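All chains, please: the whole structure from these sequences, using the hints.
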Amino acid sequence: MSTIPEELRYTREHEWVRVDGDVATVGITDFAQSQLGEIIYVELPPVGRAVAARAVIAVVESVKAASDVYAPLGGEVIETNAKLIEEPGGLNRSPYDDGWLVKLRVADPAEADALLAPDAYAAIAKE
Amino acid sequence: MPFVSLTDADVEAMLGELGLGSLDALFAHVPEDLRRHAFALPPGRTQLEVERELEALAARNDRAAGAACFLGAGAYDHHVPAALREILRRGELYTAYTPYQPEIAQGMLQALFEYQTMLARLTGLDVANASLYDGATACLEALGLAVRHTNRTRVVVDANLNPRWRDVIKTGAAGMGLTVVEVPGGGLAQGRDAAAPAAAVDASTAALLVPNPDFFGRYADLKALAQAAHAHGALLIGAAAPISMAIFEPPGAMGCDVACGEGQELGLGLSFGGPYLGFLAARKELVRRMPGRLVGMTVDSRGQRAFTLTLQTREQHIRREKATSNICSNQSLCAFAAGLYLAIMGREGLRRCAAACLAGVAALRAKLAAIPGVTLFPGTHWREFVFRTPLRAERVCELLAAKGILAGVPLAARFGAGIWEAGDVLVAVTEKRTAEEIDAYAAALREAVAAAR
Amino acid sequence: MELVFEKHSAASGAANVPDPGPEAEALVPPELRRAAPPALPELSELDVVRHYLALSRRQVGVDSVFYPLGSCTMKYNPKLCEEAARLPGFARLHPHAPDELCQGMLALLWNLEQRLCEICGMDAFTLAPMAGAQGEWTGLLLVRAYHRARNDARTEVLVPDSAHGTNPASAAMAGFEVRAVASNDDGEVDLAALRNAVGPKTAALMLTNPNTLGLFETRIREIAAVLHQAGALLYYDGANLNAICGVARPGDMGFDIVHVNVHKTFATPHGGGGPGAGPVGVKARIAPFLPAPRIVREGERFARAEASPQSIGRVGAFGGNAGILIRAYAYLAMLGREGVTRVAQHAVLAARYLAARLASDFPSAYDRPCMHEFVATPSAAILGKGVKTLDIAKRLIDCGFHPPTVYFPMIVHEALMVEPTETETKERLDAFVAAMHVIAAEAMATPEKLKTAPQNAPVGRVDEVKAARELVLTYDMAR
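As they're listed, the protein sequences go chains A, B and C.
Quick note, the first sequence lines up with residues 142 to 268 if you use the numbering used here.
Quick note, the second sequence lines up with residues 1186 to 1638 if you use the numbering used here.
Quick note, the third sequence lines up with residues 788 to 1266 if you use the numbering used here.
Hints in this document: simulated from the structure, not taken from any laboratory.
These numbers were taken from a predicted model, which means no experiment stands behind them.
Each hint should be verified, as a subset may be incorrect.
Claimed, not checked - Pairwise CB distance ranges (calculated):
hint	chain 1	residue 1	chain 2	residue 2	range
1	B	D1209	C	A940	55 to 65 Å
2	A	E228	C	R1008	53 to 63 Å
3	C	P1150	B	H1222	30 to 40 Å
4	C	P987	B	A1409	47 to 57 Å
5	A	R246	B	G1376	49 to 59 Å
6	C	E1257	B	H1214	46 to 56 Å
7	A	A251	C	A1167	41 to 51 Å
8	C	P1150	B	G1418	49 to 59 Å
9	A	D249	C	P1234	46 to 56 Å
10	C	L814	B	G1372	33 to 43 Å
11	C	E1235	A	E228	28 to 38 Å
12	A	D249	B	G1418	31 to 41 Å
Where a beta carbon is used, it is the ideal one built from N, C-alpha and C, also for glycine.
Printed below as a string of structure tokens:
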């Protein structure tokens, strides 16, 4: 059974978001990392890139799969987790902390309210 | 019935197990009107009959296959060592499929890893892939790599690249979203010229593709072009000839980011144009943008050295329409053969082979220079050069073919308009060409030109 | 095992290459000369032979074991075909030799084109593409050229969600947008979904028939009608031609363009991942767009012709992998018309038989008669033990079999795709069935045995994660 922290918001594509002021931290869920298996590579966007909601912002690769990560909210990339380039396994070990992918400065933090609540996501992650 | 291994009794038993009355019943769900019962094909024949037919067909090519071959223009008559031919007949190797199950494919995987290493060392670059189809498609794929790396779509191509390879680039360009700009790389009389290719690179250019040697066998220093390309953030791609790199400065050392080209000369023989071998080597920063298979070294569950296909997420079977290329089956056995060739020849053997091509070209050029009416062009020629006579080039080739010499490729007749003229012949001299053949060539050409004067 | 770079001997292959002396190299200006020679191996010829023979012992092919690799058609590669391609009149023939001097070669290639036309129900063939995926790319460039010539700029290619990855990748490389079409519960193209997807932007649908699930698309005529009524073309991926050759023809089903994988259907060897060949056939209205060179017959004489002005151009430096095409011709010459039909019949019989006999432990993903291959999954009981398809595959290696294709098609969970081909004996098929049931029993009793397999291979299970995380692509990167 994968963990689904209560304080985060989720998408159907298995991203999680933590909103802190106008900064949204984005990663993939524990369920997603367990489905992918051992992560071997993470492709991150350049800092400064403006992204629309639901645009591809990163790619996460295992040996047998490559999975696009979509921006849950629109905004500008202000930081990426460069540690994952050196050690992609961090994403498997700690998907919600060390394994975060991208920080966005979001235009409208309230958009996050439209994302999935933990219980709604739990229903999806069971499938 | 040849090559089916079920006996009539087997068929009956198996159909019985399935509750079916006939072989036709296996296709009952194929609409009846789509099932065809008469094919206009010849009846089957015995192995002996087919062997005789093929021997007869092959014999009809013997005059060409047995001639003194001075043909080049993308395929070269180098010696294929007997040891190579022998090993290539190992059924474990040539009847295998792509090594998706690495535990029982270590032979092919290790050989391809060794090939990748040899090609990287030969080209002076960090990594090489495990093969592409041929030199022409390797150029197209190299341009695709540059486009992915730079996010630009304009590519500059030195027009002294093999015209057939330029054709393939044009075929593929539109679909891949490339804008191809061809620039002159120097005429026959004035020698190679870096000015136009260098000037054509701008801030929207993904890559500059330059042959070395060029289509006319001429070597050049590419360092200034590397500077020009890099100054604009473009990649320099060198289309190279593997054997020459035993002596000549390789693309990596001249500043190329990518080397690509045709590996046919590495022990593959002529075989009427294929199967050959596209090779592609690059700096390691570019590896995730590379097309084609890559073999990596790792360990097995007991900690022993082992090999496996790696970075497969670049490839079509995982990335589908976002893959770095559509390539699937490539030319693995040809890459295997090329690695084997390099192992058999060794460092010194390959140097001698490359030097013999230089010597052969020098010897033939010296003899042709002494024939009134024959024009030669300047340059550092490795294995190939152009000469001009007052006759039409195809006439020259016909006259020499009658004497058992395939004199070269008549440029205008074969490739249409170009920087060449109607009398220009592209001639290649490999280490297989003997002093006697070179003498006979010069004598026959002298006669042909004299008769026409 | 040692790498070739880790072996050295004072004697080297150079002994067999005459030394032209230092004068030749002196012709090269110093600035063009290589600073240090490339670090190639230096070994005696005997040591090289031993190295590569040792490698060959760490490799299996169809010549070693039963190789039921789904979607790959790993049939026996007749040895006469190998001999034929090595005849000096073919092997030593330069592609720029004048046509007059290669009449035997050109006659063979021309005849092969005619036979492929007959088998596929097409009007013209090109032999230029060098592999199946290159055939797809060529075919899609033909689609593009065909529509452009009619001033009809169509931008979308449809592929079923079960399609092989080369289909979408080739379409993208040919400049099309790719749109997936769902399969229905029977594993066939969902006609309603197809009708929804097809429109004025649709350039073509790429389809394999039987499809990648080994199932015949029974509504193929309706599918063709949907495409043609919308002005689009129907493309046949010949990956599964072995199921229907000599029985039914893509051309009769309504396909406009086909590619065939001669290294599948026509018994040319796979070479450890090529070289193959991917000839492309077309209906007459698409023939003007075929790539150069075209092989033409003028009375008793054959020649290579440049393509028409409408041609897509060239797809390779020369006319294709002639050495492979010779093998395909020799194979077809031996089979003849009865033999071609027998290939499909026996290939389908063998697959249907295996599917039935494996069903108790490895039920088919679709409860329908398969063609030349089928997709099965381990039973719920086996999966309940935490055993994966990959473990079963690795255990099969210990039992002396090459595993089937695993995890393809992607739309089937834990897929195991089995294609026995027509060239195996019933005894061999039965031995495979027996091994699979033994493995199923092991999965229930001693699942560890599967998870730690293979034990009897040259190496244990290979760490692919390490290979990808710590990239070592050359010997120099390892040091």
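So does P987 of chain C sit 47 to 57 Å from A1409 of chain B, Cβ to Cβ?
Roughly 51 Å apart at Cβ, these two residues keep to the hinted range, so it holds.
Range first: 41 to 51 Å. Now tell me if the beta carbons of A251 of chain A and A1167 of chain C are that far apart.
Once the Cβ atoms are compared, 46 Å apart, the range 41 to 51 Å for A1167 of chain C and A251 of chain A holds.
P1150 of chain C and G1418 of chain B, beta-carbon distance inside 49 to 59 Å?
holds, 56 Å
Do the beta carbons of R246 of chain A and G1376 of chain B sit within 49 to 59 Å of each other?
Holds, at about 57 Å.
Indicate whether the distance between the beta carbons of E1235 of chain C and E228 of chain A respects the range 28 to 38 Å.
Since the Cβ atoms of E1235 of chain C and E228 of chain A sit about 30 Å apart, the hinted range of 28 to 38 Å holds.
Taking the CB of D249 of chain A and the CB of P1234 of chain C, does the distance hold inside 46 to 56 Å?
holds, 51 Å
Is 46 to 56 Å a correct range for the gap between the Cβ atoms of E1257 of chain C and H1214 of chain B?
holds, 50 Å
Go ahead and decide if the range 33 to 43 Å is satisfied by the Cβ distance of L814 of chain C to G1372 of chain B.
Given range 33 to 43 Å: violated, Cβ gap about 22 Å.
Take the C-beta atom of E228 of chain A and the C-beta atom of R1008 of chain C, compute their distance, and say whether it sits inside 53 to 63 Å.
holds, 56 Å
Could you tell me whether the CB distance from D1209 of chain B to A940 of chain C stays inside 55 to 65 Å?
violated, 45 Å
At the C-beta level, are D249 of chain A and G1418 of chain B separated by a distance inside 31 to 41 Å?
Since the Cβ atoms of D249 of chain A and G1418 of chain B sit about 36 Å apart, the hinted range of 31 to 41 Å holds.
P1150 of chain C versus H1222 of chain B beta-carbon gap, inside 30 to 40 Å or not
For P1150 of chain C and H1222 of chain B the Cβ distance comes to about 34 Å; the hint holds.
When the structure is compared with the earlier hints, violations turn up for hints 1 and 10 and for no others.
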